[in-house]
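The hints should help you fit chain G with the ligands onto chain H, whose structure is shown.
First to last, the sequence lines map onto chains H and G. Using our numbering, the letters of the first sequence map in sequence onto residues -19 to 216. Using our numbering, the letters of the second sequence map in sequence onto residues 11 to 321.
Honestly, I wouldn't trust all of these hints.
In the DSBU-like style, the derived pairs of lysine-lysine whose C-alpha atoms are separated by at most 30 Å in a straight line are [what the hints assert, rightly or not]:
(1) H/-7 with G/145
(2) G/307 with H/-7
(3) H/69 with G/307
(4) G/84 with H/56
Read the hints as simulated data drawn from the structure, not as lab findings. The structure presented is a predicted model; accordingly, all values stated were derived computationally and were not measured.
So you can see what is in the structure, the chains are spelled out below.
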Amino acid sequence: MSNILTILKKEFKSYFNSAIAYIFITVFLLITGWFFVSDLFLANQASLRGPLSIIPLIFIFFIPGISMRLISEERKSGTIELLVTMPVKDHEIILGKYFAALALLFAAVLSTFPYVMTISILGEVDGGVIFGQYLGMLLMGAAYLAIGTFASSMTRNQIVAFITSFLLVFIFFLIGKMLVFLPTSLVAIAEYISIDFHFENLVRGVVDSRDMIYYFSLISFFLLLSFRALGSRKWK
Amino acid sequence: MIYIENLTKLYASTPAVDDISFEVETGEILGFLGPNGAGKTTTMKMITCYMPPTHGRIKIAGYDVFTDSLEVRKRIGYLPENAPLYDDMNVLEYLKFVAELRGIRGHEKSSRMKKMIEVTALGDVLHKDIGELSKGFRQRVGLAQAMIHDPDILVLDEPTSGLDPNQIVDIRDLIRRLGEEKTVILSTHILPEVQATCDRVLIINRGKLVADGTPEELQSSFQGAEKLRVEFKAADRDAISSRLKELSQVRSVNDVSQSQQSYSAAFIVELEKGSDIREEIFRLAVQENWVLLEMYKEQASLENVFRELTV
Ligand SMILES: Nc1ncnc2c1ncn2[C@@H]1O[C@H](COP(=O)(O)OP(=O)(O)OP(=O)(O)O)[C@@H](O)[C@H]1O
Ligand SMILES: [Mg+2]
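In isolation and in its complexed conformation, chain H is listed as follows (with noise of 0.2 Å):
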């Protein structure tokens, strides 16, 4: 536990010593703040609806370049060798990294706070509704983010861990997307897998324990997936 901590925390900090962190979330805040105040002066709506329906797309270009580094770059530098050889077991490294991924992430999602105050202060705000919203984004990015730790974990190149992560992601959003053009037997279960269709449910405010289950198990597969990757050092 205390070693997931420490990665965690190491982890974490090279985000900021990197310029990774601070082009996140100026970019993440640019963006979603150009939907926001669109919406808010042209449309005359405070909602989050506008910078909502860009975040599918925001993420699939950035998680990937958030988790592209976290093993891969371990891997290139030789470092991961000095790190197993530690007694600290590969479970705990995929956590801490994906953890620090994921604090990153929060802390994007959750600077766009602004945007909630000042619903508040011209409408109504839902809270049920608000939260959903924040579940929603933050479950989908945490998913994403499994996806490119997995990615980041099979190479030594970090541009091929981005292709990699950025395609299965997109993967991902595209079933939802071409349900209309699937054959009606297959509709149930490519919504199930689409990543989009359980953010629009959050998005409106409805927490189902079915679209929780779906993000903790897309999230838990691909952990593992990464899990055995690290471990794939110790095959005979």
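Just chain G with the ligands now, kept in the frame of chain H:
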């Protein structure tokens, strides 16, 4: 302490380490020698649990590296080849990070860190990013992290590479001191280093163990013939040479005098194995009234042994 049995590592069916067996006792400093690509690093990676052997077994303090890896890793300090470290951390942050992963907490953490900074002389670069350090300082940080938890076993892959001569002396002293109670395995390409620090030497070549013994044992067992170097104050070189040749048990006499130093005449006298004629030479010199300046037995150097076994 370390027990290795029939260790083999195959990389895609080519053996990098081929059926090696040896044991290392507590308090022993073992030097690992071998040409490039001999399999030294590969063996160390298996001892430190980075990768499993293809065949064979390694036991450290009674624990198997494969099945009880965590117990083994707690007891080992490891400096991999080229000291891979996090370039974006500064030295202090890094040592703290390692100390925490090693489970060192509170007061002990700061005292161990202080101690390591002292013995590896890192005081001046504590707040520098590791990526900005010179090679030698980087190596010292690598050594500091390997020893921070005061491990029973140290595995050091080319520990003095990149260090300046003063640091080399300091680090060798440190290794010698540690080696009194701990078990140290180090690899090196610097043969005098082995003589200066190691109790025992293993030479491996193409993955196979080709020699195992103390530096002295290896030297004497590979000595083809005894050699004496004698030097006299300038006299008739040819006369001396021919008189020396007449002595019994002399195989050959080589004139190695430096031509510009006309005041001395030096010879390498090769003898039959196991013979010693220093006394005869002394008497001869007295009898002929030659002034003897120097006389000593030449050791087969470790270099010769190494070349003999690995070329
Ligand atoms: N990851 C790898 N994949 C395939 N072959 C490898 C790998 N690592 C090492 N080898 C091979 O294994 C052999 C032993 O390499 P090793 O690094 O153990 O040598 P070494 O004795 O440490 O050499 P050096 O003195 O150059 O450090 C070499 O032939 C090397 O090419
Ligand atoms: Mg090597």
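Checked hints:
1. Straight-line distance between C-alpha atoms of residue -7 of chain H and residue 145 of chain G comes to about 25 Å, which keeps the hinted pair within the 30 Å bound.
2. Restraint check: the Cα-Cα separation between residue 307 of chain G and residue -7 of chain H comes to about 62 Å, which exceeds 30 Å; the hinted pair is violated.
3. Distance hint between residue 69 of chain H and residue 307 of chain G is unfulfilled; the C-alpha atoms sit about 56 Å from each other, more than 30 Å.
4. Among the hinted pairs, residue 84 of chain G with residue 56 of chain H is consistent with the structure: their alpha-carbon atoms are about 25 Å apart, no more than 30 Å.
Hint check: violations occur at hints 2 and 3; the rest are consistent with the structure.
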